[in-house]
Amino acid sequence: MKLYPLSASKLQYLETGQFIIRFLSDFENFPLDASTDPDFKRLYDRTHLNF
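Here this note's numbering is used: the sequence shown runs in plain steps of one and ends on residue 53.
One or more hints might be untrue.
[To be verified] In silico EDC-like cross-links for lysine to aspartate or glutamate, where the CA-CA straight-line distance does not exceed 20 Å:
id : residue 1 : residue 2
1  : Lys4      : Asp28
2  : Lys43     : Asp28
3  : Lys43     : Glu30
Worth flagging that the hints you see were computed from the coordinates, not collected in a lab.
Build the full structure now, drawing on both the sequences and the hints.
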């Protein structure tokens, strides 16, 4: 997978929502454990519950 830099401040409102939804769906499809980083897990759990 090729990664590209992202300037989150340049995203429009709709693009921001699409980015978050895509991030959550991609994260759920990979065997990653959010609990390895307590700050990330807290944010992920809080964001994931709102969708």
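Tested hints:
1. Lys4 <-> Asp28: The given pair, whose Cα atoms are some 15 Å apart, holds under the 20 Å limit.
2. Lys43 <-> Asp28: Given that 20 Å is the threshold and the Cα spacing comes to 15 Å, the pair holds.
3. Lys43 <-> Glu30: holds, 13 Å
Of the numbered hints listed earlier, not one is contradicted by the structure.
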